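Undergrad: Spelled out, the chains give:
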Amino acid sequence: MASRRRILIGAGLLCMAVGVYVALQSRGRMARGPAAKQHSVAPDFSLPQLNGQSLQLSAYRGQVVLLDFWATWCTPCREEIPHLVELQNKYSDQGLAIIGVSMDDSPDPVREFYQQFKMNYPVVMGNADIGERYGGVLGLPIAFVIDRDGRIYAKHIGATEASVLEQDVRAVLAPQ
Amino acid sequence: MTFLKMTSSKWEFICAAVLIGGLAAAFVPGQALGQATSIPSSHLINPEDLVKIVQAAKGEKPLLLQVGSYVLYAQAHIPGSEYVGSVASEAGMQQLHRHVDSLPKNKFIVLYCGCCPWSHCPNVKPADDALHAMGFTHVKVLYIANNFGADWVEKGYPVAKGQ
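Line by line, the protein sequences are chains A and B. Take 1 as the starting number for the first sequence in our numbering and just add one per residue. Take 1 as the starting number for the second sequence in our numbering and just add one per residue.
Keep in mind the hints are simulated off the structure, nothing from the lab. Since the model is a prediction, treat every value here as computed from it, not as a measurement. You may find that some hints are simply not true.
[Stated by the list, open to error] Where chain A lies over chain B, by a calculated footprint (3+ residues, C-beta under 8 Å):
| id | region |
| --- | --- |
| 1 | 57-67 |
| 2 | 83-94 |
| 3 | 110-120 |
| 4 | 143-151 |
Where is the CB? At the ideal position from N, CA and C, for every residue including glycine.
Chain A on its own, in the form it takes in the complex (with noise of 0.2 Å):
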């Protein structure tokens, strides 16, 4: 009995061992910035936001932008937009304003999936023109933390830890 014991609390601890190592480095992959094209000018545009009224990136010079391409059908995605609800809430006095892309392929699901989530930042519909000016958005998430005067700080793609983020958002609005 004591041994059918030990062989069982010692099968699950090794299963947890590896869950644990398997979410680590899927993780770990996921997470691979601040890329190259650093300092660079942010790419303006004029895209439409989910009603209807464009918005302009140049607009927000003089504040920080977390500008994040993402799409509801994409899981990390989705997985991050609470963390980017709680950073708008968090850095919006202090000049931080979140600005989605989405690379859906039609609005009707980024209305929806808005108010769901309660989504505090204004989200435009993305398209290849504004992909290929920033690079290339060829897989998702991909987040450009932009300083005050419009130069890309940081470049994360993949999913990336909040704190992460917000570490950068942080570094970005201090020097004020």
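Start from chain A and add chain B according to the hints.
TA: Relative to chain A, chain B alone:
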């Protein structure tokens, strides 16, 4: 002392709970979300192998179907591949059926997406399942570990843009 005096059935219950918890921790991260990790390895094809097939002078060329987002397809796709759309949606699944309805069941088909890291792709597994359910016997899924940009475009493999 009370802890040590537990009956053997209680111990077995605790052991079983630890085992189930461990199994869940081991398998949930990779499979619950995108399911692509549960595609049998015999269904997969690596980018380098596909490039060889596509560029070979002889041999059967596959029908390449992109089952991801149009915005991603418009930026970069495998030359000659057809856009189907995200089959995670009902509309995309219908498109997939329309693309293959009239084809012979032994047609060589390669599905790909590359929207997200493999373990999170919501598209390739449903597409693979659908084609097999329809009776297609020669279907491969392109294994894209990270995303289409990192694992295809940046490797220098052939790329086309636009529609």
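Undergrad: So, for every hint listed, does it hold in this structure?
TA: Status of the hints after comparison with the structure:
| no. | hint | verdict |
| --- | --- | --- |
| 1 | 57-67 | violated (count 0) |
| 2 | 83-94 | holds (count 4) |
| 3 | 110-120 | holds (count 6) |
| 4 | 143-151 | holds (count 6) |
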